Amino acid sequence: MADIISDYQKWKQQGEDLRTQAKHAMESRFRELLVEAVAIADEYRADFGGSLKPPSPVTAFRYKASPHGKGKKASKAKPAAKAAPAAKASAPPPPEAKPNPKIAGLQKRLATARKKLDDAKAAGTPSRALEDRVYEIEDELKLAGS
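Heads up: the sequence shown begins at 1 in the numbering used here, then just goes up one per residue.
Calculated from the structure, these hints are not laboratory results. From a predicted model like this one, the values you see are computed outputs, not experimental measurements. Even for Gly, the Cβ is constructed at its ideal location relative to N, Cα and C. Fair warning: there could be bad hints in the mix.
[Unchecked claim] Capping the alpha-carbon separation at 25 Å, the derived lysine to aspartate or glutamate pairs in DMTMM-like fashion look like this:
| hint | residue 1 | residue 2 |
| --- | --- | --- |
| 1 | Lys115 | Glu32 |
| 2 | Lys108 | Asp47 |
| 3 | Lys10 | Glu36 |
| 4 | Lys102 | Glu138 |
| 5 | Lys108 | Glu138 |
| 6 | Lys10 | Asp47 |
| 7 | Lys53 | Glu32 |
| 8 | Lys53 | Asp42 |
| 9 | Lys116 | Glu136 |
| 10 | Lys108 | Asp119 |
| 11 | Lys12 | Glu32 |
| 12 | Lys121 | Glu138 |
| 13 | Lys102 | Glu27 |
| 14 | Lys102 | Asp132 |
| 15 | Lys115 | Asp47 |
| 16 | Lys53 | Glu27 |
| 17 | Lys142 | Asp118 |
| 18 | Lys23 | Glu36 |
[Unchecked claim] Now the in silico label distances, taken between C-beta atoms and shown as ranges:
| hint | residue 1 | residue 2 | range |
| --- | --- | --- | --- |
| 19 | Pro54 | Gln14 | 34 to 40 Å |
| 20 | Lys53 | Asp7 | 49 to 55 Å |
| 21 | Leu18 | Ala123 | 26 to 32 Å |
| 22 | Asp47 | Glu138 | 15 to 21 Å |
Given only the sequences and the hints, what does the whole structure look like? Please build it.
Next comes the structure, spelled out in structure tokens:
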């Protein structure tokens with residue numbers, strides 16, 4: 001009888017260990033998916049100017065993008081730092097000329113503003129404010145380039 005009880009206790013302990021491991025694995029996977037969802041939402045907002053809406057069953061996802069995009073850069077820096085030692089041995093050195101992130105962002109904003117302007121002109125709606133915005137972004141690009 002003592003064998004059965006001790007076997008049961010071992011089995012129960014193994015089950016608890018497995019349960020704990022599964023819990024941690026699910027929590028980390030959930031966080032990874034949320035980080036990926038935030039990155040996709042940021043990219044979508046930057047490229048298309050709107051925000052993605054979650055599916056109707058999801059009611060608790062309340063992410064608001066920061067106006068300067070600092071959170072996105074910080075999250076990319078950590079994985080890159082960890083992957084860098086392994087990548088150094090097998091990958092060739094990166095190209096020397098890296099584009100300025102400020103200029104790249106302004107170029108994306110300019111493309112979005114021009115698309116909105118074209119859409120407004122095609123629809124026949126007033127486009128003076130959109131034209132002004134395009135000129136402002138072009139001026140910012142000129143200043144950033146000099």
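Hints, verified against the model:
Restraint check for Lys115 and Glu32: the C-alpha separation of about 33 Å exceeds 25 Å, so the hint is violated. Between Lys108 and Asp47 the CA atoms are separated by roughly 7 Å; this keeps the pair inside 25 Å, and the hint holds. A hinted pair counts as satisfied when its Cα atoms are at most 25 Å apart, and Lys10 with Glu36 does not qualify at roughly 39 Å. For the proposed pair Lys102 and Glu138, the alpha carbon gap of about 13 Å is at most 25 Å, so the pair holds.
Restraint check for Lys108 and Glu138: satisfied, since their Cα atoms lie roughly 11 Å apart, inside the 25 Å limit. For the given pair, Lys10 sits about 55 Å from Asp47 by alpha-carbon distance, which is inconsistent with the 25 Å threshold. A distance of roughly 19 Å separates the Cα atoms of Lys53 and Glu32; the hinted pair therefore holds under the 25 Å criterion. For the proposed pair Lys53 and Asp42, the alpha carbon gap of about 12 Å is at most 25 Å, so the pair holds.
Annotation: proposed proximity of Lys116 to Glu136 holds, straight-line Cα distance about 15 Å (limit 25 Å). For the hint pairing Lys108 with Asp119, the CA-to-CA distance comes to about 17 Å; that is within 25 Å, so the pair holds. For a cut-off of 25 Å, the pair hint linking Lys12 to Glu32 is broken: about 30 Å separates their Cα positions. Straight-line distance between C-alpha atoms of Lys121 and Glu138 comes to about 19 Å, which keeps the hinted pair within the 25 Å bound.
With a C-alpha separation of about 35 Å, the suggested pairing of Lys102 with Glu27 is violated against the 25 Å cut-off. Of the supplied pair hints, the one linking Lys102 and Asp132 holds, its CA atoms being roughly 20 Å apart against a limit of 25 Å. This hinted pair checks out: Lys115 and Asp47 have alpha carbons roughly 11 Å apart, not beyond 25 Å. At most 25 Å may separate the alpha-carbon atoms for a hinted pair to count; Lys53 and Glu27 meet this at roughly 23 Å.
Taking the CA atoms of Lys142 and Asp118, the gap is near 22 Å; set against the 25 Å cutoff, the hint holds. As the CA atoms of Lys23 and Glu36 are separated by approximately 20 Å, the hinted pair is consistent with the 25 Å bound. Against the hinted window of 34 to 40 Å, the Cβ-Cβ separation of Pro54 and Gln14 comes to about 38 Å, which satisfies the hint. As the Cβ distance of Lys53 to Asp7 is approximately 53 Å, the hint placing it in 49 to 55 Å holds.
In this structure, Leu18 and Ala123 break the distance hint of 26 to 32 Å, their C-beta atoms being roughly 60 Å apart. At about 19 Å, the beta-carbon gap between Asp47 and Glu138 stays in the expected band of 15 to 21 Å.
Of the numbered hints listed earlier, those contradicted by the structure are 1, 3, 6, 11, 13 and 21.
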